[in-house]
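Under this note's numbering, the letters of the sequence shown match residues 1 to 241, in that order.
Certain hints may be false.
[Stated by the list, open to error] Straight-line alpha carbon distances no greater than 30 Å define the calculated DSSO-like cross-link-like pairs of lysine-lysine that follow:
(1) LYS84 - LYS157
(2) LYS40 - LYS84
(3) LYS150 - LYS84
(4) LYS183 - LYS155
(5) LYS151 - LYS84
(6) LYS155 - LYS38
(7) LYS84 - LYS41
(8) LYS40 - LYS155
(9) LYS60 - LYS234
(10) LYS150 - LYS183
(11) LYS183 - LYS151
(12) LYS226 - LYS84
(13) LYS234 - LYS151
(14) LYS38 - LYS157
(15) LYS41 - LYS60
(16) LYS41 - LYS226
[Stated by the list, open to error] FRET-style restraints, in silico, Cβ to Cβ:
(17) ASP212 - ASN106: 45 to 51 Å
(18) SER56 - ASN7: 36 to 42 Å
(19) LEU36 - GLN200: 25 to 31 Å
(20) ARG172 - GLN218: 33 to 39 Å
(21) ARG172 - SER216: 25 to 31 Å
For the record, the hints were derived by calculation from the structure and aren't laboratory data.
Cβ coordinates follow ideal geometry from the N, Cα and C atoms, glycine included.
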Amino acid sequence: MIGSNTNEDSHTNIPLYADGYPGIMYQSSDHGFYLLPKEKKLSELFLYGQTLQPISLDVKGAHEYIVVQLYPFASKYLLGIAPKVLNDDCYDLLQLNHVNTNFYRNELVKTSEINQQISTLFNLIRSLIKANTVSENAIIERVIRIIIEKKGQIKVKEILEIVPITERTLERNFMNYVGLTPKQFARIIQFQSSIHLLSQSKFDTLLDVGLDSGFSDQSHFIRTFKSYTGQTPKFYLNQIA
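Please put together the full structure from these sequences, using the hints given.
As structure tokens, this is what we get:
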């Protein structure tokens, strides 16, 4: 995802709704990007973790940014730290010691050519992968694929019928590699499915959206939607209309 604004008097707020995917972001601005509601000033180059609560990035004045979305377990592989500590937060990549991230930051600053900046970010990710010391977990990766393919509409007991693992081991490993429980991750993917339907399709009622996304009733759909966005589905739909 790429964004920019040349207006020096602008005030931009970018909501980060739960989607199950962490990401790496490079940003350039005169006044800096802030993570709200924590009011935390962010590095020029950072990785954001899983989002559970409604949070946003806030910036005043001219700015530009590039975001590379990562697979759910990527922060564990790339940083070697517990993903749970990154939930609803951002990690300053310039503080890493095992990879010279300042080199890539300087390369990003040198040019305003988007394709070149994207190439630099990919090179950074390759360096992080090369320096990775965390072993892969094929079972967790498989469970993630199953949940995504089912659009979150699958119960843990159904997963256990497919994957040879105990519930306790699954939950412990999922938390270790993703920073969420399988149930939390499935709920987020289900929520994202409803966001997609609201944005792309025409339905007679919000109940139709909720039911199509696998929610048992409209109140469950609205409650889940509001917990991740701070808004009702109707309010969100009016905002994007």
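Evaluation of the provided hints:
The hinted pair formed by LYS84 and LYS157 meets the criterion: a straight-line CA distance of about 23 Å does not exceed 30 Å. Annotation: proposed proximity of LYS40 to LYS84 holds, straight-line Cα distance about 18 Å (limit 30 Å). Annotation: proposed proximity of LYS150 to LYS84 holds, straight-line Cα distance about 24 Å (limit 30 Å). The suggested pairing of LYS183 with LYS155 holds, with an alpha-carbon distance near 7 Å, which does not exceed 30 Å.
A distance of roughly 22 Å separates the Cα atoms of LYS151 and LYS84; the hinted pair therefore holds under the 30 Å criterion. Of the supplied pair hints, the one linking LYS155 and LYS38 is violated, its CA atoms being roughly 33 Å apart against a limit of 30 Å. Under the criterion of a C-alpha separation no larger than 30 Å, the hint pairing LYS84 with LYS41 is consistent with the structure, at around 20 Å. About 36 Å separates the Cα atoms of LYS40 and LYS155, which puts this hinted pair outside 30 Å; it is violated.
Restraint check for LYS60 and LYS234: satisfied, since their Cα atoms lie roughly 28 Å apart, inside the 30 Å limit. For the given pair, LYS150 sits about 13 Å from LYS183 by alpha-carbon distance, which is consistent with the 30 Å threshold. Taken as a hint, the LYS183 and LYS151 pair is honoured in the structure, with Cα atoms around 12 Å apart against an allowance of 30 Å. Proximity of LYS226 to LYS84 is assessed by CA-CA distance (about 22 Å); at most 30 Å being required, the pair is judged to hold.
Taking the CA atoms of LYS234 and LYS151, the gap is near 22 Å; set against the 30 Å cutoff, the hint holds. Annotation: proposed proximity of LYS38 to LYS157 is violated, straight-line Cα distance about 37 Å (limit 30 Å). Of the pairs offered as hints, the one joining LYS41 and LYS60 holds, with about 12 Å between alpha carbons and a cut-off of 30 Å not exceeded. Taken as a hint, the LYS41 and LYS226 pair is honoured in the structure, with Cα atoms around 26 Å apart against an allowance of 30 Å.
The beta-carbon spacing between ASP212 and ASN106, approximately 48 Å, falls within the hinted interval of 45 to 51 Å. The beta-carbon spacing between SER56 and ASN7, approximately 19 Å, falls outside the hinted interval of 36 to 42 Å. Between LEU36 and GLN200 the beta carbon distance is about 27 Å. The supplied range of 25 to 31 Å therefore holds. Checking the proposed 33 to 39 Å range against ARG172 and GLN218 shows it holds: the Cβ atoms sit about 35 Å from each other.
For ARG172 paired with SER216, a C-beta distance near 28 Å keeps the hint of 25 to 31 Å intact.
Violation of the numbered hints given earlier is confined to hints 6, 8, 14 and 18; the remaining hints are satisfied by the structure.
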